[in-house]
Every structure is written in C-alpha cells, then in structure tokens.
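*Asks:* Take the given structure of chain P and dock chain C to it, following the hints.
Each chain, letter by letter, is given below.
There are 2 protein chains.
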Amino acid sequence: MTSTAHRPETARPDAAPVIDTAHSPHARLHPVALGRVQLTDTFLEPRRKINRDVTLPSQYRHLEDTGRLHNFRRIVDQTGEPFVGIYFNDSDVYKWLEAAAWTLAEAHDPALDGMVAEVARLIEGAQGENGYLNTYYTAEREDQRWSNLKDQHELYCAGHFIQAAVAHSRTTGSDQLLGVARRLADHIDAVFGPASQGKRELTDGHEEIEMALVELYRATHEARYLQLAEFLIDVRGYHKLGADDDSHVFNSAYYQDHLPIREMPKVVGHAVRMVYLTAGATDLYLETGETALLSAMQRLWTHMTTRQMYVSGGLGARYEGEAFGDDFELPNARAYTETCAAIGSMMWNARLLAATGEARYADLLEHTLYNAVLPGWSLDGETYFYQNPLSDEGQHRRKAWFGCACCPPNVARLMASLPGYVYSTGAKRGTERGIWVNLYAESEASIDVAGQSVNLSQRTRYPWDGQVELTVGTAANFTLHLRIPEWATGATLSVNGEAQPAPQPGSYAAIERDWQVDDQVSLTLPMAVRRVRSHPRVLENTGRVALLRGPLLYAFESVDNLDVALDDVRLPSESQPDTQELPDLLGGVVVLKMDGQHSPQLQGDLYGEELVGEDKEQGRVNLTAIPYYAWANREAGQLRVWLRE
Amino acid sequence: MTSTAHRPETARPDAAPVIDTAHSPHARLHPVALGRVQLTDTFLEPRRKINRDVTLPSQYRHLEDTGRLHNFRRIVDQTGEPFVGIYFNDSDVYKWLEAAAWTLAEAHDPALDGMVAEVARLIEGAQGENGYLNTYYTAEREDQRWSNLKDQHELYCAGHFIQAAVAHSRTTGSDQLLGVARRLADHIDAVFGPASQGKRELTDGHEEIEMALVELYRATHEARYLQLAEFLIDVRGYHKLGADDDSHVFNSAYYQDHLPIREMPKVVGHAVRMVYLTAGATDLYLETGETALLSAMQRLWTHMTTRQMYVSGGLGARYEGEAFGDDFELPNARAYTETCAAIGSMMWNARLLAATGEARYADLLEHTLYNAVLPGWSLDGETYFYQNPLSDEGQHRRKAWFGCACCPPNVARLMASLPGYVYSTGAKRGTERGIWVNLYAESEASIDVAGQSVNLSQRTRYPWDGQVELTVGTAANFTLHLRIPEWATGATLSVNGEAQPAPQPGSYAAIERDWQVDDQVSLTLPMAVRRVRSHPRVLENTGRVALLRGPLLYAFESVDNLDVALDDVRLPSESQPDTQELPDLLGGVVVLKMDGQHSPQLQGDLYGEELVGEDKEQGRVNLTAIPYYAWANREAGQLRVWLRE
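Protein sequence lines, in the order shown, are assigned to chains P and C. Heads up, the first sequence is in my numbering, so the first residue is 116 and it goes up one at a time. Heads up, the second sequence is in my numbering, so the first residue is 116 and it goes up one at a time.
Here chain P stands alone, though its shape is the one from the complex (with noise of 0.2 Å):
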C-alpha cells in the first residue's frame, strides 16, 4: 500500500483491508489488510478452519436447497418459474459471497473458486439493463421496485452485495463484481436523494447500504457514493416510517427515524438496524470529519454500553421488535441478543476504533467477538443460534438454517475477514510511525509502516493465557501500541526483558524505538477470575454474579454440574475459582473449578408470605464453568451465566 495510489492495479489478497482508510482523512487509525496477516493460534484459527472447510460449504448447499440461487438462476437462465423464499433471501447470498471472497484471501481453494464464480455469473446475469439488482422484483413484481422501502430490504440487499462486491474485488483483483456494484449504486442515486435534484426523498426501512456506499467510495474514489450514502443517513429523523402511535413497535424508533441522527440520545428500535447505521455514520464520520457525527457516535455508544449491553456483549433485549428494551430492561432467559447485532456491533467499534484510536472500542469488539459472536455458532460450525440467551432450561439449541437466516452467513462473513481485525496503523503516515495491536492471538504481520514493510511476529496462548511476545522482524522506527484491556489490571510490559512503565488499563501502551531484528516485547495480562455484578436497575441480577476471566465470559451448564440444580447454588464470595485447562473438552477449553454452597431455595406457591428464603445449607458442592461461547455443544440441559451469590 503506497499513499499515491489507492488502490493497487492489481488488487492483490495482502492489500485487502477489510475497511480501507487509506484515504480516509479522519482515520486515525488503519486496518491492516488481512491477507497481511497469517493467524496461527490454536483458538480463532481453527474455528476459521472450520469455517472454510465446513462452515462456507454447507452454507452454499443452504443457499442451493432452499431456492436461494434458484432465484438468480431463473432469471439469468429465462425459466419462468417464480421466486421462492422470503423478500430479502438475496442478502443471504451476497453475505455468503463476502465470506468467500475474504476466504480467497488466504487460499485458492479451487471448489470454493467454483463456487464464487458461479454465484458471480447468477448475480451478474440477473442485474437489470438499469443496473436494478434484487430478484424478489425482478420479473414477476418489477413493477413493485422501489414502492415499500420501510418494509421490503431492497436497499437492505444492495447493501450487503456491494460490501461482497468490494471483498471480491479486493481479493480477487477481478472487477467483475466491483462493476455490478457500480451500475447498482449509480442506478440508485439516479432515483433516491434530495428532491431538489428532483429525486425520491424517502427513508430507507433497514439499515446496512450506508456503510457499503462508503466503502464503495473508497474502492472506487466515487464522490457520488459518498453522497448517497449521506443523503441516507441525512434524510433519517423525520418519522416519515413507523406507526403513528408511538408506542407501536414498529413506530419510527424502530426504524432509526424518530430523530436525525446527531439529535438521537439513545440506541433505539431494531438493534442489527441500530448498529448497522452507527457503522455506516461512523464511516461517513471518517470521511468528512464533522465532529457533531462523531459525537453523536460516542453518546449513543456510551448509552449502549451503560444501559442496553449484556454482559456478553450482546444487543437487543427484546424478542418483539428485535429490538433495545428500555434502558436496564436485560432478561437473561428471554434475551434476543441477535448474532447479527453483534456482528454490526464489531463492525461499529472496528469504524470508532479507526476514528479515535481509543482502546475501548477495540475492547469491545473483542469482548463481543468472544462473547456475543462466537456464541451463535457451533463448534462444528454447521449450527447457528439466532438469539443468545444468558439463561436456558435447555430447550434453546442452534440450528442449520432459518427461513430469516442472516446470521449464518454473517458470522461466516465476520470469521472470513477477523486477521483484518488484529492491527491497525497510524494515520499519518511517514510523520506517526505507528503499530497498533488490537487483539491478541498469535500470529505472522507484515505491516506496512515508516516507509517499511515491518514483519511482526506473536507468540501467545490468548485467551487461556495472559502472555504475549511480540518479535519484531524488521529493523525499523516505529511506535509499537499494544491494548491493554480495561479489565487487566497489574499488566506488565517489557522490551527485551526490561521492564517498563506500568501500562494503563483500557489505553494502549506505547513503546517509541529503533527497533532491531528479533527485539522481543512481552506483554503479562493478568487472567484472574474476576467475579461481576450489575448495576442495580438490572432486576434479574440483583443478588447474583458472573464471572470473567481474560476476555471470556464464563457460565454455567447441567452437563458439568450434574449434582445440584444452578438455581440451588450460591457462589460465596470466599469461594475462589480455581482454572485448569482440558484440550478434549470442547475443541480445548480452560474451565473454572470452585466450591459453591447447595443453598436449595424454599418453593412454595408463586406468591406468600412464608415461602422465600432459604432451607439450611447443605454443604459444599463442586462447580464447573465453561467459557460461554461453548454452550450448548453438549447434551441440552439448564444453563446460567448468573449465579447467585
């Protein structure tokens, strides 16, 4: 990557940011390209194995078994047969399109190439001569196009293709796609924005184009789409969709257009829909620097986090609406906490980390990947969990596919393009020199920086263990920035085994220097289990704990506890959980092992006056928790996050 050129003539899988910023005049940060990045830890790597190997694959036959492709193939192919499926089955294509093409990255993997190809063809061959791209309303409604956009996902679909359109072309170096995209995105500023150029004024019902026409922008230097996708964000607010009554569910709160979006105080309505346009406004941010947008981001994330957040991560409370509750309004056993809204929500922290360079944003796009994202898929990786529950009687189990299924390809798209998640670069190039570790999990860099391509080595045992070495492979001056998570109290750092200043929790550490081959940094996070409470407007929590160590959440099954019913055991303060690590238990997991006291708890009726309290305690039992992304890997039974304390 040079600063002359955008974008190589050749795009080549090592230049391929997932979010580029080259250009972006307020990043503060830049993504390293992925195909930069080699993971070889024994925790993400292998789950994006098996994305590859099974995850990517059973999906394709998803798309083939349930009419998906059909619906592309009757079109290009003339068949006359109808579409099948529900109105936005496209996205699911163009989701799956994206983790593929992120995919070739790192391998050409010939029965994947095949498939991509095949899909390229159906997608190409179904755009209109208009450059009108969805196949619900092609042929049998195309007199429909454009006449429900509250309801019907057309924007929603362009979306999500022109984001697969970018990878693919960013990846592959083809432009075949990258042109789809293009006809798509300047048919749709033909029709929609401001109606002073005499163009549609509407507002758009389900966010996700935004930050796809930025990103366009980048890839292609076309101010237009940077507009659109301003005039998008711009034209939210003034409640032309949603009931008129407010307290409807689907009122304009629910769609983000009950306030503009620099006047909105609060994370509202549809939560995918929610961060997905926090993501595409932050992109925008990136790109003008208007400092009321970006201010408007850090208000609505600071609420999302104080008030709307589980503990996992996870966003969304309520089933109806799939949408933020009211603030504090977290139920575990009915949290909706959709994957999808924890995938939007890496991605908006990925775009706030970009603009500020603060760490807690990288902070909680890791806590989430961990805890909200990784939770929604199987360690087979053939199964999917729509909602994430921090509660289950056993009865919540994943599935292979769902008639609304955007989670699946959503969490294959994420895990595709994760190594373009590890290091960012500083903003000015050749003035800052500077090298930004986002996540740890031991890895092979090669980072462009102070005019250098810098080969950057880590070694860890992440997230099991708190140690991380860096080595550096190049000589070269350059700032090495390293997260320090909020929660890593008493971490420690050292160049080439002298210590240096204590670094501060929820920053990153700095270390300016003339860097010499095979200088070694190491990095000490402590991985204590720390036991946490909530605040106290969190009803169902009052009285309980869960508990943390490192980056996971951990929570607690019948499968590993087999002597007690969770809701009979107390975690006594005193009781200090001990690790030990099982490499057969679920794919190597560290569990926590602790005492905990069999407090059975009095039931009665469901209401009166004598019935609550305790019976006495009845001696020690022994507890197991499991990291929480593993659950629900094993027989089905009870599960908890919180237990009482």
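It should be emphasised that the hints constitute simulated quantities derived from the structure, not laboratory data.
Derived DSS-like pairs: lysine-lysine, alpha-carbon spacing no greater than 27 Å straight-line:
(1) C:Lys514 to P:Lys355
(2) P:Lys514 to C:Lys381
(3) P:Lys514 to C:Lys355
Partner residues are not named here, just some residues of chain C that face chain P (Cβ under 8 Å, in silico):
(4) Thr421
(5) Met424
(6) Val426
(7) Ala448
(8) Arg645
(9) Arg646
(10) Val647
(11) Ser649
(12) His650
(13) Pro651
(14) Arg652
(15) Gly658
(16) Leu721
(17) Gly723
(18) Glu724
Source: prediction; values computed, not measured. All C-beta atoms, glycine included, are put in the ideal place defined by N, C-alpha and C.
*Replies:* Just chain C, lined up with the frame of chain P:
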C-alpha cells in the same frame, strides 16, 4: 325462576343470570341473576355508575367516530362505502351492546335504550339471508368468507355477538337479536362440523364462540349449539394452525392447537384466547359432566396460578404474541397482562366456581377483578390500559381508545354484569338449600332458594374494612355459605352475636339454620397488611416484597413518595404499615403509610467488580402505598409493586 321453565315467557331483568346454569346438570352452583342483586356499596357501585354514565356513552361515540357503526350502516343503507378499520372491529360493537344490555337490567335509560335500538337495527339489517353476519366480509369480500379461520376472527366476532344477543334477550325480553343469533349459529353449524357430516372440519384461530354457543344453547335449548361448541373445542390440538417451526411465535401453541385440550399440561400461547377457551370448555363440562374435561381445567388452572400469574392476577407475560411466557417468566415493567386476559380469567373462574363450588375460584375471581381488571380502567371512566405493568417510569398511560379496542368494551360488559357474580344458589334446589356469598359488597338481594324468594341484605365497607354484616329478610330454612378468602387467617363468624366455629380460610363457611327475619350474621375478615414474596424462580423479584391488604394489591407511586427514588428505598421486615383512610384521594382509598430505609444503590457502570452494594443507610423515609388499581390516575411518575426488602 322455576325448575320447569327454562326461560320465562317474557324475559325480565330480575331473571337474567350472566351464566344461566339453571338446567346445567353438572353445575354445583348457579349464579344469581344480576337483576336480583342491587349493589349499594361505595366502591363497586360508583364505578358501575361511571360505567353507565360515562363509559358507555363515550364508547358509543368511539364506535361512531372510528367507523365501527358505519361498517354496519353502509350495508343496511347500501351506501356502497367500504369497510374501515380492523377486520374484527364488529366485536367491539357487540361487546358494547352486551354491556348496554346488562345495564338495561338495572335502569331504563332512554338514551341508552335508543343507542341499543339503533345498534340492534344495524346488526339485524347487516345479517345476510343465509344468516351470515360480519361486516368485513359483507359487500366487498363476500367471496372470501370463512377462507382464513386462523387469522380473520370471524367466529370470534360471531361469539361476541351471540353473547350480546343472549344478554339483550335476557334483560329486555326481546327476541329480536336472539333470532339473529340463532340464524347466525345455524349458518355456522351448517358450515362447520365433522367431516363425516360433510362439513368443514376446521380449527378456529381465536377462541370466544365456544362459551357463546353454550350460552345460546342454554337460552334456546337447541342441542345443536352445544354440539357445535363441543366440536369447536374437540377439533383443536392437531396442529392445523400455526407455523411448522415451534420456535415461531405464531406456532400451534399460540393458537392452543398443539394438543387436544384434555391433554394440555400448561396454559400456553395467546393469553386471552387460552382463557376464553378454558371458559368455554368449562361451560361444556357444566353441560356434559365429562370428568376428563374438568380434570384438564383443574390442571391448567393450577399451572396458571403457580407458574404464570402475576401477583395482580394478571395473565400473559409477553408482548410478543400477547402470550404466556415460560414458567416463572414474569417481568414487571414488560408485563403484558392484557386487561382482556384478566376479564377472561374472571369468566373462567366464575364457571369453575359453578362447576365445583370451591372457594379458590371465587378468590381468584375477586382478586382478578380488583387487581387486574380495575387497573385497566381510569377512575374517570374514559381511558383504558391494554397492558398493565407492575413497574413503570411514568411513560405508560391509559388511552381513550385503541386501533385494536378489545379491552375498553370488555371492561364495560364486565362491570355491567358484575352483580351477577356476587351470589350463587346451590345446585340441587329442593334438596340442597343453599345461598353462596361469593363477593363482599354492600347490597340487597332477593334470592330464590328452598322454594322461596329470600331477601338478604349485606352491609360492609369491604374492601376497605373486613367487617361484613348479613341480615336475613325472609324466614326460611337454608344453608348460608360465606366465602372465607385464602388470606383471611383468623376470620371469625357469629350469628345473632353467637360465635360460630372458626371458619377455614380458602373455603366456604356453611351455616344451616331455620333463618328468622332479621337474623344477623357477622363475619370479620382480618385486614392486616400482608408482605408477600415470590417464588425464587421469579428472577426480577429476588429480595423484593409486595404488600396486600384484604383483596387489594398495593403499589408505590412517585407522586406519594416525592423525596426518594423508589429503587433507593428498602422496606425492612420490621417496618409495619399503618392504614389511613383518605376519602378525597383517588375516589376514596385506604393508603398504607410506613417507614422505609433510604438505602441508595451504587449507580456505577452496567457491570463491574466493585459497583454493587449499598451506600451507608441514610435514614428513614416515609413511604405511602396506594391500591394498585388506582395507579396512573395522577401525575406520571415511577410505579413499583415490588420494593426491596
């Protein structure tokens, strides 16, 4: 009422039972006709006066203003205008008509007579030649009749009409609408039934018609109506309705079509539909005496009351699907607790009481009336709650009407028919000679028992005071049964000053005697304030307590407790509430006054290791609780039923 004539030749208001079990072979008790009971109390009767003077006229205006009457008039007058509003809006007209009909039992109000006559004319005129009646499917949609029993509520509307027609017949003596109802029922009977009879063997999506058909059978002796009710109940449970995917909100359980009713272990799905179904099935039992059906009812009732019911008696935890949730899923702020579900519960309990004579059903009928129905209706009689939360921040306020306006006229018909629930007589007239006092409210009654019309006078300030004085006005030998509520530990009973054996809470105390004129029965129900706690599985109520006194649930509102945030106070167990009668507050209430402990909870982050606990105790605060039914009738603010203990 005599044992030979089922319905008098000319119906009279004083012979108008709400549930006419006179000839039901399996009724243990018979409700005394509402025309035979005159409420003279200062609690219920003033609300009923508001129902007559304010609620019924204002609802009539809403029926006009929202086009609900227009939908009939356009057919009668052949205006060619389209139907307006929601497809089941006819049902609101019918429920209003039923309310007006019961009201005519007590007062000949010319204005109300006029409204009833107009509505009756419109309904009669809108009925088709073949008996069909539904304005949504008349004129523009005739070809779609009965095409979507799952969603379109045609039988639900028919059921509400039949109930209204029976009430109209019983209180006016007119057969005008009963004839319409018979023609409608005959039409339905010709269309639906066992396939073996060449009829359409379909399951209805929204129960209601079952109890209506049984009542029509009682009013007409036409056995086909009872058989049709039985068919509609028995056809359920074979997964004809609902999504294939059981995790879908609109699955078979949502429609109570997942299991035959005799096999159902749990109340499930849409709460109103569930209790309307069980009310109808209990009506069926009263006629058939099928023990399997009664067993199922008792099993479902036990499940409902021990796993699914709010402390208010409210039913239906989930907004999503207006449905019962999982066992113990009872969130306070997000309680759905539709007013209609509480009314349905009263109807079901009244029928279980008739079937068994067990006090627990009358207990719950009363508790539901005071704490789950009355909160749904403002003190001024003009606004309504659809949902009845037990915790609020001041945003949930009653509304004058709703697009889906099922609750307002349902409250009206319940209040209008209320005298019909106060007394019952024993089943085997001539052998068992009994009067049952189900509800305590100052009243005069004239009750046919032991071959005589016995006058009974009830003097009490219940629910504010537990002293009840009954005076017998007619010399006769009969057994007087007095309900001793489950909560009335320490109740005492005397006759003419002579102490009787200590009555057993949760049962009817029986006094058999040759009663003389002016014999005096004194019942004292202790009115100590009860501190109630929840089953430990109700997570939001952990460590919290609610207050009840007599039949009334109490609640705390900010307007009475301005000095503190309600979450920042505790109600220590040694704090003993005093009562204070405030005749000018909220129509006259007894409030509870007590000391609370000001214990602000630390308000830190959403989650943290150190943030929970209490600041040092900051002294006593004065707390005031009002009856929950009266909440949200003053300035908006916080509401809490459950306070920290």
